[in-house]
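Given only the sequences and the hints, what does the whole structure look like? Please build it.
Chains as they are written, first to last, in our numbering: chain A, 29 to 242; chain B, -10 to 191.
No incorrect hints appear here.
Covered stretches of chain A, as calculated for chain B (at least 3 residues, CB under 8 Å):
| # | stretch |
| --- | --- |
| 1 | 85 to 98 |
| 2 | 104 to 112 |
| 3 | 115 to 127 |
| 4 | 177 to 191 |
Have a look at the derived ranges for each label pair, beta carbon to beta carbon:
| # | chain 1 | residue 1 | chain 2 | residue 2 | range |
| --- | --- | --- | --- | --- | --- |
| 5 | B | T72 | A | T210 | 44 to 54 Å |
| 6 | A | A164 | B | T106 | 50 to 60 Å |
| 7 | B | L189 | A | K194 | 41 to 51 Å |
| 8 | A | L172 | B | L180 | 19 to 29 Å |
| 9 | B | H90 | A | L174 | 45 to 55 Å |
| 10 | A | A59 | B | A184 | 34 to 44 Å |
| 11 | B | G179 | A | I175 | 24 to 34 Å |
Just so you know, the hints here were simulated from the structure itself, not pulled from any lab data.
Don't be surprised by glycine CBs; every beta carbon is placed ideally from N, CA and C.
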Amino acid sequence: MIARVSHRSSALPALLFLLLLVPPIRTALEASMTTQMLVQMPLLILVGVLLSRAMPARLTRVMAGWDCHGITGFLLATLVGAFWMLPRSLDAAVTDPLFAVAKYLTMPLLIGLPFALSWQRMGFILRGVFLLELIATFFRLGWLYLIFPGRLCNRYLLDDQQRLGKWMLLIGALLFLWTAATLLWGRLDSFAEALPRAFSEDVVARHVNGDSDG
Amino acid sequence: MRTLLASLVVLLSGGVALSTATDQFRAFTTEGARRIAVREHPVAIPPVTLETETGARLDLTAVRGRWLLIDFIYTRCPTYCTTLGSEFAQLQSRLVVPLTHHKLQLLSISFDPEHDTPPRLAAYLQRFHTSGSEWIAARPVNQDGLDTLEERFGITVIPDSFGGYTHNAAIHLVDPHGRLVEIFDMGNPGLVSQAVLQRLGP
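Right, dumping it as C-alpha cells:
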C-alpha cells in the first residue's frame, strides 16, 4: 500500500522532469533569459518539491535528525539557488553540457527537495526570513537587470534581460502583497500551521488527551 | 548538534563551490571569467586561414613576432562594431609608432563570412578612413575556422530581433608568440593603448 502510494506520487514529478528534458521544450525555454529563470528553473524546483511527497517516511525521519527546524535544508537550498543565479551559470547551463546536467540534477534534488522537506520543519521566524529574503532577491535582481546598461549573459539579449527585470519586480511585488495580506488578514489557523509542527501538534494532542482523561 | 554539524558542512562546501564558480568572487559573468582566464592562462591562437580585404590569404598563426590587436565584427552591424571600428581608428592614431614599425598589427575578423566579402571588408575599413597595412579586415575561409576562432577566443554570437547579431564585443591582445594574453572592454581606447605600449616596452 505504502509502495503504491509513493509510486503514484512520484509519477507526477517524473513526468514533469521528462517533459522539461524534451529537446524542443528545453531549447524553447532556454532561448530566452526570462523563460529560463522564470519558467524552466521554477519548474525544475517544483519537480523536487513534488518528489518530497514520494520520499519514504523512514528516510525523512532520519533526515529530520540532521535538519532541526529545517535549518540545514534552508541553507542548502539557498546556497545552490545562489549558484544558479550567477549570470555565468545561466550562460554555462546553455553552452556547457556538464553544467546542463548539473542544473537538471541540482535544481530538483538540492533546492526543491530539501526546501520542501525543511519547510515542514521550519518555524514561523525561519519561514519569515525565507519569504523576506525571497522577496528581496526578486527586487534586487529585478532592479539590477532593469537598470544594468550592459548584457550580463553572453547568451542573452539586453531587451530580454530588461524584460526579465520587469517581471521579477512584478513577482517580488506580488509576493510582498501576498505575504502582507496573509499577515494582516490571514486566518488564525494559517498561523498555527506556520508554527513548528512539534509545538502545535503536541500541544493540541496533549489538550485532547487531557480533556479525555479529565 | 547534528543539525549544526550538517549546516556547517553545507555552509563550507557551499562557500567553496561559490568561490570556485566565481574565480574567488572576482567574476560573476562569462565576460569577467573570460578576461581572468586569459590573463592567468594565455590561450594559443588557432591556425585559422583568413581572407583579407584585398583577397589575400592570411594564416593567423603566421603573424608571429609582432603584437596583434583583434576585434570581432560584422560589417552590417549598426552598433557595437561601429563603436569598435572607431575605437580601432583611435588606437591606430594613438599607436602609430609601433604600428608603422611593424611591432603591432590591428586585425578585424568578421564572424559573418558569407556576407562580408573582401569588397565589403574594404568598405568597412574605408568607413574609418584607414589606409595602409596597419589595420587588416579579414574573414575566415570556412565555417570550421570560424567555429574554432569563436571557441578559442570565447566569442558568443546570437541573432538579435532586427536581423543582425549581438556579440560580446571586446579588444583582444595577442603577444608575438601567438598567445591571447589580455582582453579589454570597449569604450576606453586610452587604457588599451597605454597597456599595449607598456607591454611593448621602449
